[in-house]
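Enquirer: Residues per chain are reported as follows:
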Amino acid sequence: MRRKSVSYAKYGYIFSIPFVIAFLIFSLYPIIYTAIIGFTDLKGLGKIDFKFLSNPFQNFNLILKNPSFQESLTNTATIWIISFIPQILLALLLTVWFTSHRHQIKHQGLFKILFYMPNIITAATIGILFFSLFGYPMGPVNDIFKTLGLSKDPVNFLVDGWTAKGVVAFIQFWMWYGYTMLILISGVLGINPELFEASEMDGASGTQTFFFITIPSLRTIMLYMLVTSLIGGLQMFDVPRLFLFGGPTNATLTTSLFIYNQAFSGSYMYNRAAAASMIMFIIIAILSAILFYVMRDKYAARLRKEEKKQMKLRIEAQKAAARRTSV
Amino acid sequence: MRRETNISGYISKTIIYIVLIFLAILSVLPFWIMFINATRSTFEIQQHAISLIPSKFFMSNIHVLLGKSFNPFTGFINSMIIAAGATVCAVYFSSITAYALIVYDWRMRQPFFTFIMAVLMIPAQVSGIGFYQFMYRIHWTNSYLPLILPAIAAPAMVFFMRQYLLATLQIDIVNSARIDGGGEFYIFNRIIVPIMTPAIATQAIFSFVLSWNSLFTPLILLTDKDKYTMPIMVSLLRGDIYRTEYGAVYLGLALTVVPLFIVYFLLAKYIIAGVALGGVKE
Numbered sequence: 001m002r003r004k005s006v007s008y009a010k011y012g013y014i015f016s017i018p019f020v021i022a023f024l025i026f027s028l029y030p031i032i033y034t035a036i037i038g039f040t041d042l043k044g045l046g047k048i049d050f051k052f053l054s055n056p057f058q059n060f061n062l063i064l065k066n067p068s069f070q071e072s073l074t075n076t077a078t079i080w081i082i083s084f085i086p087q088i089l090l091a092l093l094l095t096v097w098f099t100s101h102r103h104q105i106k107h108q109g110l111f112k113i114l115f116y117m118p119n120i121i122t123a124a125t126i127g128i129l130f131f132s133l134f135g136y137p138m139g140p141v142n143d144i145f146k147t148l149g150l151s152k153d154p155v156n157f158l159v160d161g162w163t164a165k166g167v168v169a170f171i172q173f174w175m176w177y178g179y180t181m182l183i184l185i186s187g188v189l190g191i192n193p194e195l196f197e198a199s200e201m202d203g204a205s206g207t208q209t210f211f212f213i214t215i216p217s218l219r220t221i222m223l224y225m226l227v228t229s230l231i232g233g234l235q236m237f238d239v240p241r242l243f244l245f246g247g248p249t250n251a252t253l254t255t256s257l258f259i260y261n262q263a264f265s266g267s268y269m270y271n272r273a274a275a276a277s278m279i280m281f282i283i284i285a286i287l288s289a290i291l292f293y294v295m296r297d298k299y300a301a302r303l304r305k306e307e308k309k310q311m312k313l314r315i316e317a318q319k320a321a322a323r324r325t326s327v
Numbered sequence: 328m329r330r331e332t333n334i335s336g337y338i339s340k341t342i343i344y345i346v347l348i349f350l351a352i353l354s355v356l357p358f359w360i361m362f363i364n365a366t367r368s369t370f371e372i373q374q375h376a377i378s379l380i381p382s383k384f385f386m387s388n389i390h391v392l393l394g395k396s397f398n399p400f401t402g403f404i405n406s407m408i409i410a411a412g413a414t415v416c417a418v419y420f421s422s423i424t425a426y427a428l429i430v431y432d433w434r435m436r437q438p439f440f441t442f443i444m445a446v447l448m449i450p451a452q453v454s455g456i457g458f459y460q461f462m463y464r465i466h467w468t469n470s471y472l473p474l475i476l477p478a479i480a481a482p483a484m485v486f487f488m489r490q491y492l493l494a495t496l497q498i499d500i501v502n503s504a505r506i507d508g509g510g511e512f513y514i515f516n517r518i519i520v521p522i523m524t525p526a527i528a529t530q531a532i533f534s535f536v537l538s539w540n541s542l543f544t545p546l547i548l549l550t551d552k553d554k555y556t557m558p559i560m561v562s563l564l565r566g567d568i569y570r571t572e573y574g575a576v577y578l579g580l581a582l583t584v585v586p587l588f589i590v591y592f593l594l595a596k597y598i599i600a601g602v603a604l605g606g607v608k609e
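Protein chains in written order, with my numbering: chain F, 1 to 327; chain L, 328 to 609.
Calculated directly from the structure, the hints in this document are not laboratory data. Honestly, I wouldn't trust all of these hints.
With a straight-line Cα cutoff of 25 Å, these simulated PhoX-like cross-link-like pairs (lysine-lysine) come out [said to hold, decoys possible]: (1) K165(F) x K152(F); (2) K552(L) x K340(L); (3) K106(F) x K552(L); (4) K395(L) x K596(L); (5) K319(F) x K305(F); (6) K51(F) x K65(F); (7) K106(F) x K596(L); (8) K552(L) x K47(F); (9) K43(F) x K65(F); (10) K554(L) x K47(F); (11) K309(F) x K319(F); (12) K319(F) x K308(F).
If you're wondering where the values come from, they're calculated on a predicted model, not measured in any experiment.
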């Protein structure tokens with residue numbers, strides 16, 4: 001006669017405690033602290049004491065009016081756009097090639113490994129490597145240009161702002177298209193194969209299948225990629241810092257780099273950097289909220305659709321039953 | 328008619344392979360140039376920056392490289408300690424948190440999960456200033472703890488582990504272990520962790536690489552040269568002292584890439600599969 005009814009619920013709390021504590025200490029508290037610093041006069045190397053400013057939003061006003069900050073926002077957006085659009089297009093194209101039955105591409109495994117490879121290499125290393133590759137007067141890229149007869153004299157690529165932005169965007173593209181492709185391929189493999197078979201039987205061409213089956217089915221995944229890539233893009237730091245330190249004349253200055261420079265160089269303006277961080281945080285929060293909303297909405301919409309279908313079936317059934325009784 | 332489609336199919340296939348091979352070369356070429364130039368003298372590089380054959384200046388490049396502030400071995404060991412510590416924390420505590428979310432029926436379970444989803448995308452950079460000030464105040468700059476311990480709370484990994492447990496864990500296993508008299512903590516460590524090994528291995532690789540490659544947080548916290556991690560060591564190569572030492576810079580870069588290449592090509596199959604798994608987030 002051993003009856004012991006044990007409630008295990010408390011272990012749910014116990015096992016979650018380390019996560020919660022680590023989150024509170026290392027994520028939440030620093031965010032709040034950053035927000036607070038944004039309203040203070042905290043600056044200078046090694047300073048930790050601060051006073052609140054009489055005009056609490058002074059740092060935010062100064063940052064929003066700061067031409068370098070504005071430039072850093074435009075740069076971040078520009079670099080992100082010119083790296084993301086070709087990245088998603090190429091990834092889609094490769095996805096179609098790799099998943100199509102018609103082409104039967106051989107050595108897919110090897111290609112995937114090579115395309116994804118740049119993604120795991122230290123971004124700091126890649127930033128410096130590309131700086132060396134574009135060396136002037138005699139770097140590998142100049143060497144190629146000379147050999148191909150594209151230019152007689154060595155070109156100093158990196159003094160031009162747009163070329164520099166283009167190279168940073170290219171590095172981002174080059175590091176991430178393989179990842180995007182792998183995610184999209186797994187998305188396509190997750191699509192119900194019957195859909196493809198049916199479209200093939202209906203005589204749909206490859207292009208039609210792509211636009212009417214593949215793309216609509218990948219919408220959620222592509223949206224997810226879009227937002228994560230955007231948030232990742234806003235944090236772009238390693239490559240622009242080590243490639244050209246944000247230069248030439250701020251052409252590759254990203255928001256993260258701007259924040260770093262405010263806080264950890266020059267006059268160590270932690271307060272301004274904190275204000276800029278909060279502005280960035282708000283942008284990221286809005287983007288995440290949009291993603292959260294859209295994804296949820298879609299799920300809810302699907303639920304509603306299911307419900308409607310059930311309702312319809314029930315009504316049909318009732319009608320049928322009614323008919324039968326009336327007969 | 329049939330022949331025609333064959334020919335067009337053949338042409339399109341050729342084009343596909345040309346593009347694929349071009350992209351493969353694009354992935355390899357920068358690293359190829361880097362490895363070859365690591366063995367060439369600055370003079371040779373200035374004459375011709377691209378060469379297909381290695382030269383014999385590897386040792387002299389090593390001397391130049393190590394004669395200055397760059398110390399890849401210190402960087403390697405420091406990064407190893409931090410990345411290994413962070414990875415162990417991340418996989419263990421993410422697993423146990425995911426387990427708590429799946430197995431136990433507690434009141435805060437659903438709110439807690441919603442909360443994890445909500446903080447999934449908060450990047451470390453936005454709290455960087457507060458984090459730095461906080462660590463400075465408690466004298467934790469130049470310590471590895473602030474680089475390791477935050478890994479305990481890894482929302483994205485908890486989410487992944489939860490998905491994995493949902494798909495694989497049968498609650499009967501837990502129940503029968505309880506009947507056998509196993510404590511909850513014992514059951515998790517001895518029965519659940521082995522079940523989760525495939526997921527843990529995949530996530531461990533990504534967590535390790537992420538920590539190994541991270542630059543921002545170590546850069547703001549570590550000022551002591553003996554504590555520098557690999558990415559900070561690498562950033563020294565961009566400094567003025569190496570301005571004219573092309574061969575040595577390429578060699579330094581190559582040394583930081585070699586460990587990653589070894590890990591990558593040994594585990595490539597699992598890494599590629601792992602990336603694909605991470606994508607199925609719906």
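Enquirer: All hints are to be evaluated individually against the structure, with a verdict given for each.
Expert: Results of checking the hints against the structure:
At most 25 Å may separate the alpha-carbon atoms for a hinted pair to count; K165(F) and K152(F) meet this at roughly 24 Å. Taken as a hint, the K552(L) and K340(L) pair is broken in the structure, with Cα atoms around 53 Å apart against an allowance of 25 Å. A C-alpha spacing of about 48 Å is found between K106(F) and K552(L), which places the hinted pair above 25 Å, so the restraint is violated. The straight-line distance between the Cα atoms of K395(L) and K596(L) is roughly 38 Å, outside the 25 Å bound, and the hint therefore fails.
Restraint check: the Cα-Cα separation between K319(F) and K305(F) comes to about 21 Å, which is no more than 25 Å; the hinted pair holds. For the hint pairing K51(F) with K65(F), the CA-to-CA distance comes to about 23 Å; that is within 25 Å, so the pair holds. For the suggested pair K106(F) and K596(L), the alpha carbons sit about 16 Å apart, so the restraint of at most 25 Å is met. A threshold of 25 Å between alpha carbons decides the hint, and for K552(L) with K47(F) the separation of about 22 Å falls inside it, so the pair holds.
For the given pair, K43(F) sits about 19 Å from K65(F) by alpha-carbon distance, which is consistent with the 25 Å threshold. Simply put, K554(L) and K47(F) have alpha-carbon atoms about 23 Å apart, close enough for the 25 Å limit, and the pair holds. Between K309(F) and K319(F) the alpha-carbon distance is near 15 Å, which keeps this suggested pair within the 25 Å criterion. Distance restraint check for K319(F) and K308(F): the Cα-Cα separation of roughly 16 Å lies within the 25 Å cut-off, and the hinted pair is therefore satisfied.
Against the hints set out earlier in the document, violations occur for numbers 2, 3, 4.
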